[in-house]
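K.L.:
So the chains spell out like this:
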Amino acid sequence: KAGVTQTPRYLIKTRGQQVTLSCSPISGHRSVSWYQQTPGQGLQFLFEYFSETQRNKGNFPGRFSGRQFSNSRSEMNVSTLELGDSALYLCASSYQGGGQPQHFGDGTRLSIL
Amino acid sequence: AQSVTQLDSQVPVFEEAPVELRCNYSSSVSVYLFWYVQYPNQGLQLLLKYLSGSTLVKGINGFEAEFNKSQTSFHLRKPSVHISDTAEYFCAVSDQTSYDKVIFGPGTSLSVIP
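Here the protein sequences line up with chains A and B, keeping their order. Our numbering puts the first residue of the first sequence at 1, with every later residue one more than the last. Our numbering puts the first residue of the second sequence at 1001, with every later residue one more than the last.
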C-alpha cells in the first residue's frame, strides 16, 4: 500500500508570491490534515478535510487555505508569502480522522527568500 | 480544550541505558493518546497508541507506554536504547467523543550517546 505522498519535497519562493502544495493520502483514507512545523513553534495544526469539507481549522490567517478533491487528494495554498511562512509543511491522512492514528508524508520544505 | 505537555525538551542518554520520555495531557473528556517519532527530514511515524483497554501499550522498536488516568500521563519508555533511536518524539491527544483535531505536544529530542 503506497504511503502519503507530498509534492514537491522542496520549494523556494520569494515574499509576496503564492504557493500550492499537494498531498495524496493513503488509498481509502478520507481525512487529510495539514500541519506547519517550525523550530520555534513546533507542530501547528492548519486544517483538516474530510469528504471534501473542511471539518477542523487551526489559528492561521486567511492567507492559508486548502481544499480536498473527490479522490481525497488535498492541496493547500498560501498567498502573499511572508518570511515567517518558511517551514516544513506536513500532510497526514487517516480513514476517518479524530482518534484514528495518522499516517504522515515526508513533508514539503518551503523556504521564503 | 485539550493540551499536551512534554516536560523535557531534550533528553540525552547513553546507548543501552533505559529512557523515559514524559507526557502529560489536559482534557475534560475521555481521550485517545499517541506517541509519534520523527527522524531528520522525514514525517512523523506512529510508535504506539492507546485507544482503550490495557493501560500498558506496546509499540514498535521496543517502546512501550503506560496510560495513567489519575495522573493524566502517558509516559514513553524503552529499557535499552540504541543509536538509531536518536530522533524527535511527539506525544499527541485526541478527543474520544468527537472528530476533533489531534493535539500534539512540543516534542522531546532524544539523543543517544555512544
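FYI, nobody ran anything at the bench for these hints, they're computed from the structure. Beta carbons are placed, not taken as given, at the ideal position from N, Cα and C, and that holds for glycine. One or more of the hints may lead you astray.
[Stated by the list, open to error] Only some residues are given here: those of chain A computed to face chain B with a beta carbon under 10 angstroms:
1) Gly3
2) Thr7
3) Leu43
4) Phe45
5) Arg55
6) Asn56
7) Pro101
K.L.:
Which of the stated hints cannot be reconciled with the structure, identified by number in ascending sequence?
P.N.:
The structure breaks only hint 2.
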